[in-house]
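Student: Chain by chain, the residues run as shown.
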Amino acid sequence: MSLILITVISICVTSGILLLLSRDIFRIVMGLAVLSTAANLVVFSGGRPGSLVPAVIEQGSQALAADAASPLPQALVLTAIVIGFALLCFALILAAAVVNQQGNSDVASYQENEPPAPASTPGSAGEKASSDKPSVMEVES
Amino acid sequence: MSLLLPFLLPIATSLLNVFVKGRLLTGINLASSFALLVLTMQLLFEVATTGSISLVFGNWPVPYGIEFYADGLSALLVVLIALVSAVVMVFMVSWEKISNKPAYFAMMQCLVASAIAVSLAADLFNLYVWFELMLIAVLGLMVIGKGRQQTEAALKYFAVSMVGTLIMLAAIGMIHGAVGHLNFSALSQLAASDDTGNSLSLYGGMLLLAVLLKIGAFPLFAWLPAAYHALPAPMLALVGGLLTKIAVYVLMRISGQVLDYQLYHEALGWLAVITMLSGVLGAAYHWDLRRILSFHIVSQVGFLMLGVALASPAGMTGTAFFLFHNILVKANLFLIAGMVWMTAGHYDLRKIGGLYPAKQLLTIIFLLSALSLVGVPPTSGFWGKLLIIMETFSQERYLWAAAALVTGMLTLYSMSKIWVEGFWKPHPDEPGTITIPVSIYLVMLLLSVIILVMGLVPGPLIDFLQQQQWQPVGVL
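Chains A and B are the protein sequences, given in the same order.
The C-terminal position of the first sequence is numbered 142 in the numbering used here, with every residue numbered one higher than the one before it.
The C-terminal position of the second sequence is numbered 1091 in the numbering used here, with every residue numbered one higher than the one before it.
Think of the hints as simulated: they come from the structure by calculation, not from any bench.
Remember, it's a predicted structure, so these values are computed and weren't measured experimentally.
Where is the CB? At the ideal position from N, CA and C, for every residue including glycine.
Among the clues, some could well be false.
[Said to hold, decoys possible] Not the full set, but computed from the structure, chain A residues with beta-carbon under 7 Å of chain B:
id: 1; residue: Met31
id: 2; residue: Leu33
id: 3; residue: Leu36
id: 4; residue: Thr38
id: 5; residue: Ala40
id: 6; residue: Val44
id: 7; residue: Leu77
id: 8; residue: Ile84
id: 9; residue: Ala92
id: 10; residue: Leu95
id: 11; residue: Gly104
id: 12; residue: Asp107
id: 13; residue: Ala109
id: 14; residue: Ser110
id: 15; residue: Tyr111
id: 16; residue: Asn114
[To be verified] Chain B stretches covered by chain A per the calculated footprint, using a threshold of three residues with CB under 8 Å from any CB of chain A:
id: 17; segment: 767-776
id: 18; segment: 785-792
id: 19; segment: 916-923
id: 20; segment: 938-950
[As the list claims (entries may be wrong)] Simulated DEER-style distance windows between Cβ atoms:
id: 21; chain 1: A; residue 1: Glu115; chain 2: B; residue 2: Lys1032; range: 46 to 56 Å
id: 22; chain 1: A; residue 1: Asp25; chain 2: B; residue 2: Ala627; range: 24 to 34 Å
id: 23; chain 1: A; residue 1: Ile12; chain 2: B; residue 2: Ala793; range: 40 to 50 Å
id: 24; chain 1: A; residue 1: Ser16; chain 2: B; residue 2: Trp885; range: 27 to 37 Å
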């Protein structure tokens, strides 16, 4: 069981990082989704997976049987899945909005918030880019 | 109950914002912010008189239940969060462009609630959940503007901090798998024992990596100036004043008290030196007011990391003092930046000027905050820096001290750049004639007075912080 988990986690991490390094916005979001699966599996694997003894305390005893699976990581991972899912949904909508506004899905072309190219002297041609863009307040009204 | 109310109240207000609008909305939010201030002060009073408070859910014994915990440090931090949120709330209400957008209020309350809960959480998973809520709230604040700049900044911030939280989650999973505990006090005992100490130091390093990413430490700070750029002025004050400082507080807890390894402190110290210098050099290079202040955040969290790296009660006292001072000063400076934008029409220093003849009071407030940021007596920044640098000398870390002093000098350089360009030189075009609402002046004056009082009478606060035990947290 551990061997399977380790294989799956390492495949998830590898492919997640590979996708993250891409320049395409949806691949990046997918990469984050795959990575979050890997992180969830890491949490899950901390709880003695593979045990077939139910995580129920027998009547009359005070603790779980020695080789029972620990229920706590499962509870943790459930919380983490819910949070990860919500964030993934948000990220997909955000990515769609960004693609709509920018007109392409290449993240390297998103330079709205980056500093302008260094100007040789203040006030010369190099200083346009971000400083001339509509500022926050104008945009939102 | 006094531990729960400070974050239940903002959450409730945040939900309430869905149902009301107009004057009722601003009224409820204002009332809630001031009630929060009272509640947190009550918590501080309780902690100061009876010692630390702990609350464990579901009647479980301590290392197993979900624990919330407040000692002097976290209670003071919570009061400051409430203070900054009240100040920002007054700003928001007096500014029409913000006050007619209910979503800002809902997200802002959510951010305040999560920031307070992070400061009070006493186990790692609880901490992780509140960190995620904080991430979601900040993302919400960013995208409300809907512009290209906003969505792009939100996307970049999302991608970077998501990687951070995933690393944090994986580290928490491994820590639980290795030792079976997540509670701070249980972990600090396990870290000190020989059996589990080594494996914990490995996973704890991974946890610290995630925290350092949230802090904006070198080389993981590139997201910070790019993301803060897109926030409207009052939100910038809230996020810029609180977000990274909360992460520094978590670092103080984890590296200073829970997983107290010499190796971490050494690494943190050198990282702090690079972070300080790269942040302040970035600030010296840029011309955009928001970008300069954002890079200053990077350099100041570097300074705070240096204090954490010293890993002694004196270092922790200095760090805590500097942390509190920095929250106030940074919030005030971002509010001033918002005012500068309103009056002079731009954030770019090359395109503005003439603020000194136009707005004298604003100039005085800026001067005070800027001097405090640089660390000139008699302002609050001086004592924080003095405490930390004195401790570096007494630990014979001369290189670290030298880096901190050079950083201070370069901070003076970029602050005088703002002074000369924004306030002294005449405005290149025709300056606007906007009158700043009195309420905004009042809250900025309030922050300035607190900064000044902290600088003139630092004794009580330093004494209070020195009485903190700086021992492992929790009640085990």
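Student: Are the hints correct? Go through all of them and say.
Tutor: Going through the hints against the structure:
Interface hint status for Met31 (chain A): violated, as the beta-carbon distance to the closest one in chain B is roughly 12 Å, over 7 Å. Checking Leu33 (chain A) against chain B: minimum C-beta separation of about 5 Å stays under 7 Å; hint holds. Among the interface hints, the one on Leu36 (chain A) holds; its C-beta lies about 5 Å from the nearest C-beta in chain B, closer than the 7 Å criterion. At its closest, the beta carbon of Thr38 (chain A) sits 10 Å from a beta carbon of chain B; the interface hint therefore is violated under the 7 Å criterion.
Evaluation of the Ala40 (chain A) hint against chain B yields a held restraint, the C-beta minimum of about 4 Å falling below 7 Å. Hint status for Val44 (chain A): holds, given a least beta-carbon distance of 3 Å to chain B, under 7 Å. A cut of 7 Å between beta carbons decides the hint on Leu77 (chain A): the least distance to chain B is about 6 Å, and the hint holds. For Ile84 (chain A), the interface hint holds, since its Cβ comes within 7 Å of a Cβ in chain B; the closest pair sits about 5 Å apart.
The closest approach between the C-beta of Ala92 (chain A) and any C-beta of chain B is roughly 6 Å, which is under the 7 Å cut-off, so the hint is satisfied. Restraint check, Leu95 (chain A) versus chain B: the minimum CB separation of about 6 Å is within 7 Å; hint holds. Violation of the interface hint for Gly104 (chain A) is found here, the shortest Cβ-Cβ separation to chain B being roughly 10 Å, above the 7 Å cut-off. For Asp107 (chain A), the shortest C-beta to C-beta distance to chain B is roughly 12 Å, which exceeds 7 Å, and the interface hint is violated.
Residue-level restraint check for Ala109 (chain A) is violated (minimum Cβ-Cβ distance to chain B is 12 Å; threshold 7 Å). Interface hint status for Ser110 (chain A): violated, as the beta-carbon distance to the closest one in chain B is roughly 10 Å, over 7 Å. Evaluation of the Tyr111 (chain A) hint against chain B yields a held restraint, the C-beta minimum of about 5 Å falling below 7 Å. Nearest Cβ of chain B to the Cβ of Asn114 (chain A): about 4 Å, under the 7 Å cut. The hint holds.
Chain A is given as covering the segment 767-776 of chain B, and this holds because 7 residues of the stretch bring a CB closer than 8 Å to a CB of that chain, at least three being needed. With 6 residues having a Cβ less than 8 Å from any Cβ of chain A, the segment 785-792 of chain B passes the three-residue criterion, so the hint holds. For the segment 916-923 of chain B, the assignment as covered by chain A is violated, since 0 residues bring a beta-carbon within under 8 Å of that chain's beta-carbons and 3 are needed. Restraint check on the segment 938-950 of chain B versus chain A: 0 residues with Cβ-Cβ distances below 8 Å, three needed, restraint violated.
Hint check: Glu115 (chain A) to Lys1032 (chain B), Cβ distance near 21 Å, so the stated range 46 to 56 Å is violated. Distance hint check for Asp25 (chain A) and Ala627 (chain B): the Cβ-Cβ separation is about 41 Å, which falls outside the suggested range of 24 to 34 Å. At roughly 23 Å, the beta carbons of Ile12 (chain A) and Ala793 (chain B) sit outside the given window of 40 to 50 Å. Between Ser16 (chain A) and Trp885 (chain B) the beta carbon distance is about 34 Å. The supplied range of 27 to 37 Å therefore holds.
Of the hints listed earlier, those the structure fails to meet are numbers 1, 4, 11, 12, 13, 14, 19, 20, 21, 22, 23, in rising order.
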